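**Q** What follows is the residue order along each chain.
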Amino acid sequence: MSARYSWGGDEFVFVELAEEMSLQANFRAMAITNALREQRPDGLVDICPANASYQVRYDPDVLDPHTLMAQLQALEEQVGDASDVALPTRVLEIPVLYRDPWTTETLMRFRDRHQDPDGTDISYAARINGYASEDEFIAAHSGSPWFTSMVGFVAGLPFKYQMVPRDRQIVVPKYLRPRTDTPKQTVGYGGCFSCIYSVRGAGGYQMFGITPAPIYDPTQSLPDFTDFMVFFRPGDIVKFRPIDRDEYDARLAEVEAGTFRIRQAPVEFALAPFLDDPDGYNARLLEVLA
Amino acid sequence: MTIEVRKPGLSTTVQDAGRTGYYDLGIPPSGALDQYSLRAANLLVGNAEGDAVLECVYMGPELVFSEAAVVAVTGAAMVPKVNGEERPQWESFAVDAGDVLSFAYLTGGARAYVAVSGGVDVPVVLGSRSTYGLGALGGFSGRPLAAGDVLPVGSGSGSAGRSVPEDLRTTYSKDVEVRVMMGLYDHRLTAGGRATFLDTTWKLTPVADRIGFRYSGAELETVDREPPFGAGQDPSNIVDAPYPIGSIQVPGSVEPIVLHRDAVSGGGYMMVATVLSGDLDVVAQSAPGTRTRFVEVDLDGALALRAERRARDARLREALG
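These protein sequences, in sequence, are chains H and Y.
According to the numbering used here, the first sequence holds residues 1088 to 1377 in order.
According to the numbering used here, the second sequence holds residues 327 to 647 in order.
Simulated from the structure, these hints should not be mistaken for lab results.
All values derive from a computational prediction rather than experimental measurement.
Certain hints may be false.
Facing chain Y, according to a computed beta carbon distance under 8 Å, are these residues of chain H, among others [said to hold, decoys possible]:
id, residue
1, Asp-1097
2, Glu-1098
3, Phe-1099
4, Ala-1137
5, Asn-1138
6, Ser-1140
7, Arg-1144
8, Pro-1147
9, Met-1237
10, Gly-1239
11, Phe-1240
12, Leu-1244
13, Gly-1278
14, Cys-1279
15, Val-1317
Per the computed footprint, the stretches of chain H lying under chain Y, defined by three or more beta-carbons under 8 Å from a beta-carbon of chain Y, are [to be verified]:
id, region
16, 1126-1134
17, 1249-1261
18, 1280-1289
Facing chain Y, according to a computed beta carbon distance under 7 Å, are these residues of chain H, among others [to be verified]:
id, residue
19, Ser-1093
20, Ala-1139
21, Gln-1142
22, Val-1238
23, Val-1241
24, Ala-1242
25, Phe-1246
26, Pro-1305
The beta carbon of each residue, even a glycine, is placed where N, CA and C say it ideally should be.
Extracted from the complex, chain Y is given alone in its bound form (with noise of 0.2 Å):
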């Protein structure tokens, strides 16, 4: 079976759960920056969770199948259409031979997720379907969907019909908190260039990729030093280190920087704190003109995060299993 690319919409790529154990070389986990409809959107059609799927970032594609198929779509509220009649969201449906599938406009969140029965099948590279634009490897050959792309669809048996319960869909807002722990240069800043961070109220720029989601709304003051050789005069600038998926880079000391899952992996930039791996999926939802506050956890918050995290994924299964 295929699904043929009508229209790709804005960027539509294929991304699954992502690859580990290359990030010293540079390349990054990609991966659905999303990961809680990823496995939403898998789950409902019969998927394992982190099988590939399609996401499409603020305008959706147009796809036709070429068998009769269950979908499913998660993530954004961005309606689906089967030949211009409306189906829901957080749910399965059905499509049959030569139906097309489109979208409406994106009317909350940023990314929405298409996920077919039987998984979108491309070639698994580095242990991962997932495409890397920057590397050209992965996905639909290395880069985001074309008109006339048509994409291999692997055997399933999904059924429709099955449902996301209602206090386990994501909502969103323009409005958001995401968790961070401070860290690693932060000592960069003053007492008052630290408050800065966590006290403004950012609004994320039109700069808002799978790279990294770039926020205006203050500037941090740092401590005065000697600059250190090798990192250069600017007062943001270190010897060039690794970057930690999630970490927050700030250079001019202006604009912060969330680097997310097709992260650069390193450079010489500080980062003043991480935003928590739940909560990458936070930021991958926000669409430009976000407002957004960084609140600070500690190492032991974290981990309890985590845990109600794994918990809320354990309900999903069990409401889909």
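In isolation and in its complexed conformation, chain H is listed as follows (with noise of 0.2 Å):
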């Protein structure tokens, strides 16, 4: 495979390493931009990687751009397919509160915006991935492990992907035409990616429920933002865990009192014995969390 490259104007390079998402293009993007930025060399602005993707700001009056884009290319045969890198990330847990009354209220606002008027988003989805049940859905959404493959949209707003094999992977549209409300903190899907809303605003992706745990603190008040206003970092892995309503008051009660904590621990995620077998490594890999 090869990656396409394409000029974003004066100040950007844009390369796609695929078309399609998966695990394997994205692995290729974190390992491609994080040689980027050991090398970081003048006049690079901003290195942004993305699911199947990433781009580079730059200024052109330091950097010349073909002297970047000869550096990108040849970084890109350096990396290969990045089948052999581990990436030293985390396992978070994310509680959440699914089929919360705050999504569920606000998505009865815009019926006329989604595939299915006379349903939730969370039957819906439950429906088209051929689950008997909602619970069955949730139980699906929150028992495999979650890959970060993107942080952005809005400020510290986490793409995931599902660590599962392809056939197995929840897959719902986003809404027909976008919402202009989701609550912060909104657990959404898209595609094949599920997100947390960072903040309260616009947004197409299908709500199934609200985590009391803050991604985003521009004030920097909280522990878990002691290093930076923006929590989730591309790779980070992510278990959602339900919960129910008491718990959610609870934890909130942490959040509002400025003791709540992200539960997480240190890991390393080796991308090829993944592949070899993804339901062993996963259950090695939220072990740390129990």
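The two chains are supplied separately, each in an independent frame; assemble them into the complex guided by the hints.
**A** Following this line, the structure appears as structure tokens:
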């Protein structure tokens, strides 16, 4: 496979590693951008890894565009398929109140923009993915780990890719037309990605629930944000854990008291052994949260 | 010294040259949408070029100064008044303690820039004083100004009566050309779709804010394809990817959106071109109804235009230095 390179105007280079989403493409994007970060040529402004692509912003008055392009192409060659790369990262537990009252109220206001005006987002998702019930669907959504393949859209919003073979992945289209409202910390779904909305605002992803865990804190007043105001980094691995309303309220009280911490543990993730035996690998991965 | 906001105007925010280095986490550059007007306003009052100013959209604020100050207003044609008396734009003028600065109606462009000697002195967040509204970050409490806000101003040494030479001022039209480089996902367009994109006179809709400027006028024909996994069914969908600042996404293959300095940093819509960084100022000064042609240039053309822009900036510095 070969990447597709394109100028994004006079200050960006955009590189598509694959047209379709896969963990292999994402790993290549991450490996290339990590290597580029280490090289950090003068004039490089931003390095943005994404799901199956990446982009860089640069100052062409400092860094010649063709020099940069050649450097990126050499990096692609050097990284190859990145199958031997081991990524130091962390496993995080995100508690989720599925079918919560706030996203339910919001989704009811936008039924005219949805594929299933008579149902809810989660009932629609369960049905089109062949689950017999919403509870079965929730078990599938929360049962496997998710890989943070991109951070962005708005500050700190993580795109998560399900770490199961493709034929078992959940797939749900976005809304037919975007909503103008989405509660903060909504757990959403669009295409093959689950996300957590870091701020309130417009969005088109299906809404399944809400987490009490802040993932963006511009005031950096909570302990999880001591180092930076954005919690998620590309490469983070997430396990969603279903909770009930009582636990949601208890965690929210901890957030308000300033004592809430997202449970996390360091791990090293290697792509090849994961692809070899996803279920076995996932089970060992999630042991760190037990 | 402080500035009290008596009336906030339609949407007035603190903006400077912007912040870089955080786009990979979804925090966009922000900063004045019209960077040239920012630089000119600051130089007029003796500030550093990238200092914080007030960006005023369509309808200006009403401001009260606690002490004597030197002020300049650049950008959109919006005549400033001190206690009701008109003052020139693109020229520095003095205000006294207690004076009220207000604005006449907009007659051209979209965004005016108010610089005060000493600069608006709100806290620096991630290297910039710019407001990023979606993230509630920077500026004054991370939001547009409201009546009753009191803004701190640094101490400065500007002088009144300095002006930008006539040929270095920007004039505004309802018919504009915006130079772009094709690319990114333009291979998703047929030859006809590409021609439509470049030949149409697009009209700016009322959706014209710091995140994006949406144009109407035509539908772009796309190449048939089997949707790649993760992209979704619509022909304009892609696997969510980063969006260059200035890139033009086309959801549903209609209504191109120029992503500006508060852009969403990535998403699932194809982008077919990117506005050159200097022409983002032209987009910034487009009011709804502006008729717009996207004009294709290649990389060499883009670099030549950058050189022209740097030369113009150098003349500005020389005139006001």
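**Q** For every hint, state whether the structure bears it out.
**A** Hint check:
no., hint, verdict
1, Asp-1097, "4 Å, holds"
2, Glu-1098, "5 Å, holds"
3, Phe-1099, "4 Å, holds"
4, Ala-1137, "5 Å, holds"
5, Asn-1138, "5 Å, holds"
6, Ser-1140, "5 Å, holds"
7, Arg-1144, "7 Å, holds"
8, Pro-1147, "6 Å, holds"
9, Met-1237, "6 Å, holds"
10, Gly-1239, "4 Å, holds"
11, Phe-1240, "5 Å, holds"
12, Leu-1244, "6 Å, holds"
13, Gly-1278, "5 Å, holds"
14, Cys-1279, "4 Å, holds"
15, Val-1317, "5 Å, holds"
16, 1126-1134, "holds (count 3)"
17, 1249-1261, "holds (count 3)"
18, 1280-1289, "holds (count 4)"
19, Ser-1093, "4 Å, holds"
20, Ala-1139, "5 Å, holds"
21, Gln-1142, "4 Å, holds"
22, Val-1238, "5 Å, holds"
23, Val-1241, "5 Å, holds"
24, Ala-1242, "4 Å, holds"
25, Phe-1246, "6 Å, holds"
26, Pro-1305, "5 Å, holds"
When each numbered hint is compared with the structure, no violation occurs for any of them.
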